[in-house]
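A.B. asks: Listed below, chain by chain, are the residues.
There are 2 protein chains.
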Amino acid sequence: TKHFRNAQLLSFAVKRTTNFFYTSINEIMRIVLRTISSSTPQKVVRAACRRVIVMRHGERVDDLFPAWIQKSCMSGAYRAYDLNMPLVLPQLDRPMAHFEDDTVLTEMGTVLAQMVGRGLLINKTLPDVVYTSPALRCVQTASFALKAAGYDEHVKIRIEPALFENITLYPGGQPKFATLAQLAAADFNVDIDYKPIMTIDKLWSQPESIEEYGDRVQKTLLQIAERVETSTNPYGPILMVVGHASTLDLAVGAFREHIRRSTRTELLNIGLFYPFCATTVFDRSMAHQWSYSENALPPITYRNFTSKINSRFAFRERIE
Amino acid sequence: TKHFRNAQLLSFAVKRTTNFFYTSINEIMRIVLRTISSSTPQKVVRAACRRVIVMRHGERVDDLFPAWIQKSCMSGAYRAYDLNMPLVLPQLDRPMAHFEDDTVLTEMGTVLAQMVGRGLLINKTLPDVVYTSPALRCVQTASFALKAAGYDEHVKIRIEPALFENITLYPGGQPKFATLAQLAAADFNVDIDYKPIMTIDKLWSQPESIEEYGDRVQKTLLQIAERVETSTNPYGPILMVVGHASTLDLAVGAFREHIRRSTRTELLNIGLFYPFCATTVFDRSMAHQWSYSENALPPITYRNFTSKINSRFAFRERIE
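Keeping their order, the protein sequence lines are chains A and B.
Mind the numbering: the first sequence is residues 2 to 321 in the numbering used here, read in order.
Mind the numbering: the second sequence is residues 2 to 321 in the numbering used here, read in order.
Hints may be right or wrong, so weigh each one.
In this list, chains with the same sequence are indistinguishable; a pair is considered to hold if it fits within one copy or across any two.
Quick list of in silico lysine-lysine cross-link-like pairs, DSSO-like style, CA-CA up to 27 Å [unchecked claim]:
#1 177 to 196
#2 125 to 157
#3 309 to 203
#4 72 to 220
#5 125 to 72
#6 125 to 177
#7 196 to 72
Treat the hints as calculated values from the structure; they're not laboratory data.
Just chain A, with the same shape it has in the complex (with noise of 0.2 Å):
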């Protein structure tokens, strides 16, 4: 508590400017879309994905902090006790106590998300469309990458309740995760007319079992692909799904010839296998065959850190 002693005086000038605290990705990256889009013929094509981009979000402030909502709300405002808290939470008109099941982004994967943003820019692989988990750590995750690309005015997010974890993580019942109406007042470029696949009550209304969460994500990622889209790309659209270690494995299991199916077992440590902002990215053949590419996006390294996923996990063989 006597850290950030500026804490209200800091928080006015955050608010007077922006939340995103590292914009300055934007102005290199608008120079270079912009060149890059007046090089290109705006074409327009209509048809099914042919590239799918499944991200995991970034890392978790209640990973690293925990009791962090008692502990930064001590004097009643929230207020960072770390630097690698944000300074100033999302702009989301709701009690602090729906921050316990409902996380927000640390600096760091902010600036993580950020990162990717910059590949999927740099690599020519921005999304036509994007789906997210309701989660908001998801939510941040693909605005903030989307951000740092200068494409986010480009794209409305979708929110999809079929894409969150097991419901069986939550004891305590049905997280309290913000609206649509929320997102769009904290300036989250969401899409308020998607019709979602499955809403958050329907998701709650009965028991799921691990095998009934792996269907229902698998499901719903290959149910997504075939949507027709809309792109400028030559090549087909290209969709983007942002959500949790367990979408990846999953999509590592849905995108090829036969499904495969991820265990309890297999996903009780998934986050050991899938980083925080790993990406895996799989393509449509003309003959409608997906497969995995594994150089679409550039990795991200840094002291005791990779964005790389475990490729011997992930490409596991199984009798079934």
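Put chain B on the given structure of chain A with help from the hints.
C.D. replies: Only chain B this time, still in chain A's reference frame:
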């Protein structure tokens, strides 16, 4: 090499803007700073330093990416092959080979330095005087921290070769450090009028034992702390020194009643005890005694990383 096809385009765009990526902290911080300074009477004090902040440089590229110079220059010009590598190198007018023994910060290293800058600002302990080792990673760290605090135009960085790490770590001989003119041209706010305690050539004029190295740094730290400086801070000037992991251990040993030296064995893996961008802060009492100030700056914690020093090691007892 499949990655970053657009690197040339990007590099062009970056040159047109800036090579400081996460500048938007600046916008926020500048407002805070204006608010802070306008509410503080600008009375000038001239005195010896009353606080010394000793900081280690951020994450270095060569530590994560072996043979990064060769690998990134396969096609002639420098191209990043990981999103944690800088997209463009500091615009120093010197051959790539000079980065071999004088490496640059990674992107995460830059962000970490910026976070420390944010901490300096929030905790109202911005330095009046800044010294760095001549190593580029140290100059960059100081510069990014000051820029993030919106304070870089207020403080000229003094490059002090007497703060460089032990020369025996460089069996290949004297690294080709950037000159003051090169640094100034690359937008580092260096003090071109500063007369260093020791020139680089002098430093390399004779072999140096571990004991001599420790003496050199501890003497330098104590000497610069006694210099009379100007400050608008009523409590007296604040000094910041950006150096190496060993600099922090030697500082802990110097700013106390009786000097404690660091042994060869202790300095061997000193980086384990003083992480990247770790800070140690020392305050001088009215009675001119130095004491360690543990909570002067907020920590930075992320997955598998803390900027906190290992206090058990730093404050070890020793029978001499």
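A.B. asks: Tell me, which hint numbers fail for this structure?
C.D. replies: 3, 4, 6 and 7
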